[in-house]
Amino acid sequence: MTTPEKVVTASSSNGAGDDAEGTVFDIGYQHYDGPREGRNRARLSVYKEGLKISLGLGRGPRAKVLPWLFIGALTLIGAGMAFAAITIDRLAGDGTAEAVGLPSHSDFYGIASILMFIFAAISGPELLCPDRRDGVINLYLVRPLTGTDYIVARWGSFITIMLVVAWLPQIILMTGLTMGAEVPADYLKDNWLNIPKFLGAGAALAVYSGTIALLVAGFTTRRAYASVFMVGLFTVSTPFTFGLAQEIGGTAGKWLSMFNLSNIPMHVNDAIFDSVSGVTMDAPAGEFDTWVLVSWYFLWTLIPAGLLLFRYRRLSV
Amino acid sequence: MESLLSVENLTKQYKGVVALNNVSFEISDGITGILGENGAGKSTTIKIVLGLLEATSGTAKILGETASENINIRSRLGYMPEHDCLPTNVTAAEFLTHMAELSGLPPSHARSRAADTLRHVGLFEERYRSMGGYSTGMKQRVKLAQTLVHDPAIVLLDEPTAGLDPAGREEMLDLVRKTHREFGISILFSSHLMADVERTCDRIIVLRGGKLVQSGEVKSFTEETETVYIVVDTNKDGFIGALEKRGVDVTEGDGGIYVEGSDESVYDHVRDALVDAEAPLRRMGPRRRALTELFEREGDDFSDLPEGVR
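Just so you know, the sequences run in chain order F and X.
Residue numbers for the first sequence follow UniProt numbering, so the first one is 1 and each next one is one higher.
Residue numbers for the second sequence follow UniProt numbering, so the first one is 1 and each next one is one higher.
Here chain F stands alone, though its shape is the one from the complex:
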């Protein structure tokens, strides 16, 4: 170990002479004898880093623009819906907004799902592609961390962000409607069930879109390819399946309609709110029993999750 070395780093300008010199002592290399928290710390670190990457924190301004733009836009939708309902109720009397069918909690994800898909398509690849393209994954896998730990932590961080993105506007909507009601406590008493409903429906949408986005990102090192592929998958599947399903009709048409990837979580949303949203209104798949639609949702979430896990378990440096 080296001998402590005096390094002069700054001089005082107050005329106090040598005594006022700022000094730093280079005490050489110090061995670390503090706590080592092993694999759990490593998993937590990957999770935390995933949150920061998703929100662009600790990165340049460009990395922050898109995530915050989407979060802002979704929040504005929630706030706008609350503002519209409050205004109508104030002008035309309590309950008017509901009576005229103004969009509310059950309709929010139908309106916002396209933004959620685009957000997932843009942010998801950011979490996985650069690590493999830049070779950083090599440094992860030589630490007390397996490929499974890495992908589970990254998935967890992305789903956390997706949940925030899905729930925040609904919370704002609920808060706005409650505060705007004549008697907020009564409104909350009558509508509190909407809270677990929008939490459940939001979770369904967040887990589904987040998992598929990460699966796509798991197979390319280029973020742009992953984003374009995912957006393409969702935008193409909607008109293609809708048009063909209408053409074919019958059970075959209903099954074809099930492959409309945008609608898969929306059927779950409909089941939770016991209503039909604007995006699923004309979908032949909506005629299936709820258990079929929910099972279909789980199939489309669990299989991509399994494939993603399998991909990273087999990943070698």
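Think of the hints as simulated: they come from the structure by calculation, not from any bench.
Possibly wrong hints are sitting among the right ones.
Sample of chain F residues lacking proximity to chain X, with all beta carbon distances greater than 12 Å (derived) [said to hold, decoys possible]: (1) ASP89; (2) ILE137; (3) PHE219.
For each label pair, taking beta carbons as the anchor points, the in silico distance ranges come out as [unchecked claim]: (4) F:LEU188 to X:ASP84: 51 to 59 Å; (5) X:TYR128 to F:THR75: 49 to 57 Å; (6) X:GLU54 to F:ILE248: 47 to 55 Å; (7) X:VAL18 to F:THR148: 26 to 34 Å; (8) X:THR88 to F:THR148: 51 to 59 Å; (9) F:PHE298 to X:TYR14: 34 to 42 Å; (10) X:VAL18 to F:ASP289: 52 to 60 Å; (11) F:ILE248 to X:GLY133: 55 to 63 Å; (12) X:ASN72 to F:GLY250: 55 to 63 Å; (13) F:LEU199 to X:PHE124: 41 to 49 Å.
We treat Cβ as the ideally placed atom computed from N, Cα and C, and that holds for glycine.
Chain X: place on chain F using the hints.
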């Protein structure tokens, strides 16, 4: 001396291709070079030691553990890959803090270790700059720093001088030496550049085509020869003529001359020739073999190299 790394009868086959063939060696405290051409099995050995690849047969233990069975042991290891492995859009300080946490250090300790380690590799002033703007030499230093940030017991460096210019290469070799001599961290240094290994390592392991060819102390490979190297200040030609007149075989090179000194009488001839030519002597001494020279001389067959100590 206690073994930090031991490899016993290690074999690795990839779909009929033998990457490692029954390799055994041990590494103790110090800097050990693992030398071989591309495809000799150096990286495969390192990856098996780190638990990233399964061996077809044999065992590889580091710090007394098999890394694939106990991955927590990796929190005491450092690994510097040969290829790029740095993100471009984060600062070195941020990146190193994350790497320290990945090795199990709590965040507050990770932050201070990151700053200290960047100071040790000479990047303290640049620590808040995005790594995308770093030069190749700076990137290599960050790569080395991330192996040290969690204070490992041993680091495995895969071609650490790859892609560096001569000045950068020299700086990196200095850092590698400093890592052991000042920081007390043992090193396994993989390279295909014999000069780097010779100048940096205490011991070497030579792999060729997946087989262990030699292992031993570098000094046993670069022992003194019977050739005497002489440098005179002036009248070199007169001195050479005086030596040849006395029947001494002379070879010119490296700014001086070489004479064979197996017979002690050659020193008398050198003395007399210096007097005759009135050539002031600047330097005279036995010449050490360079590792590169030995390998060149033996060509494709390493079997005549001095037997090293296992």
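Verification of the hints:
For F:ASP89, the condition that its CB be more than 12 Å from all CB atoms of chain X holds, with the nearest at approximately 47 Å. Once the 12 Å rule is applied to beta carbons, F:ILE137 is inconsistent with being away from chain X; the minimum gap is 8 Å. With a cut of 12 Å on Cβ distances, F:PHE219 stays outside the contact zone with chain X, its closest approach being about 20 Å. Distance hint for F:LEU188 and X:ASP84: a CB-CB separation of about 55 Å, consistent with the stated range 51 to 59 Å.
Separation of X:TYR128 from F:THR75 is about 32 Å and departs from the stated range, judged on CB atoms against 49 to 57 Å. With their beta carbons about 50 Å apart, X:GLU54 and F:ILE248 fall inside the hinted range of 47 to 55 Å. For X:VAL18 paired with F:THR148, a C-beta distance near 30 Å keeps the hint of 26 to 34 Å intact. Distance hint check: the CB atoms of X:THR88 and F:THR148 are about 27 Å apart, inconsistent with the given range 51 to 59 Å.
Between F:PHE298 and X:TYR14 the Cβ separation comes to about 39 Å, which falls inside the hinted range of 34 to 42 Å. A beta carbon spacing of about 59 Å between X:VAL18 and F:ASP289 agrees with the range 52 to 60 Å that was offered as a hint. Between F:ILE248 and X:GLY133 the beta carbon distance is about 57 Å. The supplied range of 55 to 63 Å therefore holds. Range check, X:ASN72 to F:GLY250: Cβ separation about 59 Å, and the 55 to 63 Å hint holds.
The hinted window of 41 to 49 Å between F:LEU199 and X:PHE124 holds, with their beta carbons roughly 47 Å apart.
Hints 2, 5, 8 from the earlier list are contradicted by this structure; the remaining hints agree with it.
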